[in-house]
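For the protein sequence lines, the chains are A and B, in the order given.
Under our numbering, the first sequence has 25 at position 25, and the numbering climbs by one with no breaks.
Under our numbering, the second sequence has 59 at position 59, and the numbering climbs by one with no breaks.
No wet-lab data here; the hints were simulated from the structure.
Simulated crosslink set (DMTMM-like; lysine to aspartate or glutamate; CA at most 25 Å straight-line):
id	chain 1	residue 1	chain 2	residue 2
1	B	42	A	58
2	B	2	A	58
3	B	42	A	96
4	A	7	A	87
5	B	42	A	86
6	B	2	A	87
7	B	42	A	26
8	B	56	B	3
9	B	42	A	87
10	A	65	A	11
11	B	42	A	11
12	A	7	B	45
13	B	56	A	96
14	B	2	A	86
15	B	56	A	97
16	B	42	A	97
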Amino acid sequence: SAVISQKPSRDICQRGTSLTIQCQVDSQVTMMFWYRQQPGQSLTLIATANQGSEATYESGFVIDKFPISRPNLTFSTLTVSNMSPEDSSIYLCSVEDQSGADTQYFGPGTRLTVL
Amino acid sequence: QKEVEQDPGPLSVPEGAIVSLNCTYSNSAFQYFMWYRQYSRKGPELLMYTYSSGNKEDGRFTAQVDKSSKYISLFIRDSQPSDSATYLCAMRSSYIPTFGRGTSLIVHP
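Whenever a hint applies, use it, and build me the whole structure from the sequences.
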């Protein structure tokens, strides 16, 4: 399984500011995924990031609000822009299993609180 | 109706009990079924993975899939306080899984 780290692990931010979350994987992966996990809710996919191409966003999420970078096969960033309290959530990075088991592994998450 | 339904709990059981966690789904195209365990302030950790109806066993954990009823279960035998966590079911037909809300399990000594 892949080992995934995220920075920061948590942050408290002011309304209107932006935060960039980093995701680092210990092996090369084709696809990386960004999820949001709000209290009491299921994991919601924000976007899929492939190296060398624009991220693909799910319904309800837009690039201006959640710009994503994928500069290489082991790293990605998600920025939460112009934050509001409704953006308070856990943000999770995930990668597909490269062994062909058709499943995903998750990072530890970034707990974001917006005041 | 949500594609995946999962009772959020909490489910509280004594140590040593057999735990049954369940999810129902509506999309008959789902072919791959997973269970994740998530400890507080941690990311989800893959527990079990299966793609066929029937049972799959791994130590104290058994995953059961009934595609005809669109129903999956995770059984935990001889539950331990260390099993206290949120358990999320997930299922997929394409490469993007759909997750349940998670069931909070508390195993008390």
